[in-house]
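With the hints as a guide, dock the two chains, each given alone in a separate frame, to form the complex.
Chains as they are written, first to last, in the numbering used here: chain A, 1 to 439; chain B, 1 to 277.
Don't read these hints as lab results, they were simulated from the structure. Note that beta-carbon positions come from the ideal geometry of N, C-alpha and C, so glycine has one too. Keep in mind that the hints are not guaranteed to be accurate.
[What the hints assert, rightly or not] With beta-carbon atoms standing in for the labels, derived distance ranges:
| no. | chain 1 | residue 1 | chain 2 | residue 2 | range |
| --- | --- | --- | --- | --- | --- |
| 1 | A | R201 | B | T247 | 41 to 49 Å |
| 2 | B | E181 | A | G382 | 34 to 42 Å |
| 3 | B | A130 | A | L259 | 35 to 43 Å |
| 4 | B | A132 | A | L202 | 43 to 51 Å |
| 5 | B | R139 | A | P232 | 54 to 62 Å |
| 6 | A | V39 | B | Y166 | 56 to 64 Å |
| 7 | A | S430 | B | Y166 | 15 to 23 Å |
| 8 | A | A265 | B | R139 | 54 to 62 Å |
[Stated by the list, open to error] Dumping the calculated DSS-like pairs for lysine-lysine here, alpha-carbon to alpha-carbon at most 30 Å:
| no. | chain 1 | residue 1 | chain 2 | residue 2 |
| --- | --- | --- | --- | --- |
| 9 | B | K135 | A | K425 |
| 10 | B | K71 | B | K57 |
| 11 | B | K256 | B | K71 |
| 12 | B | K32 | B | K71 |
| 13 | B | K32 | B | K85 |
| 14 | B | K135 | B | K57 |
| 15 | A | K435 | B | K85 |
| 16 | A | K435 | B | K57 |
| 17 | B | K85 | B | K33 |
| 18 | A | K435 | A | K425 |
| 19 | A | K427 | B | K135 |
| 20 | B | K57 | B | K85 |
Residues per chain, in single letters:
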Amino acid sequence: MTAPSTNTAKPATGISAILKTAFINALIALVLFSLMVGVRTEAGPDGQLTYWTRFGELASLVAAVFGGSIVIELLRQWIGTTGADKLVPPAVQSGMSLLGRYVAPALLIFTVLVPVIFYNQRYILDLAILVLTYVMLGWGLNVVVGLAGLLDLGYVAFYAVGAYSYGLLATNFGWSFWICLPLAGILAAFWGVLLGFPVLRLRGDYLAIVTLAFGEIIRLVIINWQDLTGGPNGVSGIPRPSFFGIPLDNSDDGLAAKLGIEYSATHRIIFLFYLILALALLTNWVTIRLRRLPIGRAWEALREDEVACRALGINTTTTKLTAFATGAMFGGFAGAFFATRQGFISPESFTFQESALVLAIVVLGGMGSQLGVALAALAMIGGFELFRGLETYRMLVFGMAMVLIMIWRPRGLVGHRAPTVYLTKAKAISSDLVKEGHG
Amino acid sequence: MSSDRILSVERLTMRFGGIVAVQDLSFAAGRKKITALIGPNGAGKTTVFNCITGFYKPTGGAIRLSHDDGKVIALERLNDFRIAKQARVARTFQNIRLFPGMTALENLMVAQHNALMRASGFTFLGLVGAPAYHKAEQRAIELATDWLRRVNLLDRADDAAGNFAYGDQRRLEIARAMCTEPALLCLDEPAAGLNARESAALSELLLSIRDELGTSILLIEHDMSVVMEISDHIVVMDHGVKIAEGTPRAVRDDPKVIAAYLGADEDEAVAVMESGT
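Bound-form chain B, shown alone (with noise of 0.2 Å):
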């Protein structure tokens, strides 16, 4: 286990009945790097992360994910909230699942709660106003506000959630998964259904996450402008298998990986490609 690797897949096998959404997949994501999992519709993707986030338990091969402080653990064998609580992977949602009847700042305050559990003494010492946990509080309000900066939104921190537009929800979601304090973040599409210029907004905030707070990012992506912009590491999928993986640049010449997105033969796929440049 190379300690540049905060993520190692190996022979990921899922299957539903029959089908087999998953099979066999192996790829490792960096430590503080932005990796990549694209593939066209029905590949696996979300699968995969799922089963990496503790909501579906796999059904062969191994996830493991090494802390900074070298703690390997096996996500396969944890499950449901765990994998959020211990093992400090963050998730957000393709459709997204924000709290909508509660602001954005109670939003950022959920996510906290197992620290601010504790510092209320599991309730108890909350329900009678101890001062630890007052402190407590104002550091929790202290890091949501930080992170409603962030994404742009202080002035909107005590609005429902569920009256943002769709892609301050997109922000708030990511926000909400940064308050947990992840060592490794997973967001499904987060640029789905923005426009050019809030994806750009959206390249440079993970960007940002990466290179300002170490934290590792895991994305499954669609736009390939995003995706070819930030990522360090691109693993592509199709038909639940990994068809390639590399840079950027690698990926975007690979032939077997045009095929799958223009779903046509491999030899054909060369021939578009050549025309189009």
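In isolation and in its complexed conformation, chain A is listed as follows (with noise of 0.2 Å):
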């Protein structure tokens, strides 16, 4: 119940500053919690609502909250008046750092050996798969909001029109993946140049509701346009990839009939693994060299300071826009690809709740950084999915884990920014120097 702000504060001493401390927690406790643990609220045998009390319960969470709080506030006052950042060592600091060089190579070595380590766990190839298309979304997203810093809540809207463009064109039409894989792109990238046009001349908040609304407006659209998309029904029958042509199946012309091997169901999701690892690289790799290319430096320039931008000749509508549309672009191949693995795809997979979680990964990630966009993604994703046995805790130990990392590491789990050029050193940059981006 204490902000992590008040860390910096003068803490209070004496034994009635702690009691005041915990009594005013305690009455927060007692407001939130008489509502939502006090009353308990159902639905009668006859659909009547009947409700009764449980004030044995809101009394306990209330004493907790006021035990807690004296704990906090003497365990606050033995470590002293340090801040959170202090609590980590700087031997540990330095070593992360460290450490920091070696981990992406590693990383990269691992997961190319996933489907060879667990060949024969097909939950852990499937999680892998998610992992890895979140990390493809992480870094398309972080095109837009870490490297352009404008906020986008919506880029669902991207991946569901990647999603949708690959479905429509090869249930109408039959076109294989591997055409429809770049028209998803440029369909999305469209779209991103569209939303682009009209949210340009707000910043901050407004940016923020708008592209909200259009992640929004495209999921609306999709459920009602049934004649085209199917409604909440969705798309069905939607062809798996085949290796270049060769279908991934058990009939004559299959890959494996063609190898001469047996077949097995792990062939194609082994196959599947390799795709969004190959399209994730892709992204990772054209993002790293836009950042070294102007418009990559200009991206940056625009975050750190538009009005600056324009009198030094930049053309800011452009810019924005070129990254709406680079960003949605990657959107739109990672839709593709979750059209083609799932096989059907309904306006339920395109909610807000998804934009949310790229966002998350890519603020967790720290704004702009490659890895820990990637590192956030396996944290969101596989974290989620390790907490499982936790069962009702799960959402709880996961909201922990998440202020716990908020206050350690505010900036993201890497927050310094790598300069995109140099003359003798590339020197890391301190992300207190970094600016956010406001537009």
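In structure tokens, the structure reads:
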């Protein structure tokens, strides 16, 4: 019940101050929990509303908050007035930065080997594909949010455009995945530009709201345009991807038969795994290259100071549009992959929750950092699965983990920024200096 | 339009609602000359700057920029980034606007955005690693290095601009503006917050920009030691109108200017001036 900012404030001393803080926290808990826990409502046998009170539980919760507050206050006085970041010794921090240099290659090698190590574990392979999908989405959104500093809450719209592009083109015209994949990217980029035009004048909160609305508009159009999209029933029977024309099934023309090996359903899963890995790495490669090109530097400059960009003759309108289009294109690729993997798509897959999840991955990873986003996707998607055993408490543990990370590393897992060009030595730039952007 | 004027402002008026910030202001800035725009706080100097550099659209009047090749551009009709891109007018800001999270070198590379965009084939050639783009990038780095050397920041090229001391940030901002290779450089209070030694170095830098590169400079400045030392021509504003112009010597002795600065009547100012000398 204590905000991190109070860490830097002058600590309360003396028993009376501690009791006062604890009392206030308990009061807040009482107000919050009295309706959430104190009164329980349920539909009765005839559909009427029945309710009963649970004052015992309420009292124990408030008491727990009261006691917990005292413990936290005592701990804070015992540790001293240091900020939360100082709780991590400098030796550990420098060790982590050293470790950081080897994390990316090690992670890549491990990822490539995942299908070999976990060949027979379908659950892990499916989870890995899911994580990689989110890594790719995170890297795509990173262009818009992390580099250009444009807060986009409707990223799922481009994911949906990509998925429906492939789904509809493949089911209606029978086009192959490899033709539809670039088309899905181009169509998503086109929608990115369409969204970009009206929202370019908006900044900060207003931009976020309009992008949020755009995400919802796309979803509602998909639900209501029954003739084309099948509405809430979705699109089914989307063809599985072929290995450049050779189907991955147990027919005589299948890849297994041609290679003369025994057919296994795992082949397709492994193929999907390497497909999304290749798509994600393509996203990463293009983003890294773009950062070192004038357009990428202009994106970052736009995030740092838009007025200065204009004074230097940079066309901020087209710069923002290219950021939107590039991010949207990667979202479209990911969407096409999603459609071919699932074989069935419906509007339910493209809710705001997906946008929020991808945005959380980008923010948690450290805005602009490619490695950070990959780690965050692993933590968010993989970590969520890890806590499955905790059942009801999963969300609670997950939420607490997020809060701890945000206290510990407020600028994301990888907070510093690597320069795109250097004369003598590339020095990492502290996150304190890097702006988040506000438009 | 005589060829010795790079910029001529004619009957410029800027109104914000009922407030008249600049009224019927006319002046000219000489080619390859340093022109200073001075006046007490609130005189409308920065408004004039914002009109010239496209951040405001003037309510009335004309602003003409004539390039060395004789091309004349109506600045009041261009907007936004086009003034920097097409008319090649660069500016700095009163409250420094660097890209704090980018290195000094990156700041200067961003300034060469338009040239590099063309060289990178609007990103597509650059993405596939075309050698032509590599060469252009090397040239851009050389130009940036050259400017870092000129402003004495070469050893800090790879440090984040946000970490620089105030005076260094001011010089870096001028270097960044110069990396756009402007025809006219507009400086909004470049000496603000600098100590005497830094001010002297700034004067030297501006003189070298004028003499070695032949770039025309228009500056707003409060530091009279800098203004009087380097200006070829001074325009004095007060309450949105021009009250005097001329050489530094002529302006310094103008009773109207002294009155405006001291906030006193003309007669009183003359008395003050006479008692002072």
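How the hints compare with the structure:
no. : hint                        : verdict
1   : A/R201 x B/T247: 41 to 49 Å : holds (46 Å)
2   : B/E181 x A/G382: 34 to 42 Å : violated (51 Å)
3   : B/A130 x A/L259: 35 to 43 Å : holds (39 Å)
4   : B/A132 x A/L202: 43 to 51 Å : violated (38 Å)
5   : B/R139 x A/P232: 54 to 62 Å : holds (58 Å)
6   : A/V39 x B/Y166: 56 to 64 Å  : holds (60 Å)
7   : A/S430 x B/Y166: 15 to 23 Å : holds (19 Å)
8   : A/A265 x B/R139: 54 to 62 Å : holds (56 Å)
9   : B/K135 x A/K425             : holds (21 Å)
10  : B/K71 x B/K57               : holds (22 Å)
11  : B/K256 x B/K71              : violated (37 Å)
12  : B/K32 x B/K71               : holds (16 Å)
13  : B/K32 x B/K85               : holds (20 Å)
14  : B/K135 x B/K57              : violated (39 Å)
15  : A/K435 x B/K85              : holds (25 Å)
16  : A/K435 x B/K57              : holds (29 Å)
17  : B/K85 x B/K33               : holds (22 Å)
18  : A/K435 x A/K425             : holds (22 Å)
19  : A/K427 x B/K135             : holds (24 Å)
20  : B/K57 x B/K85               : holds (17 Å)
Violated hints, in rising order: 2, 4, 11, 14; the structure is consistent with all others.
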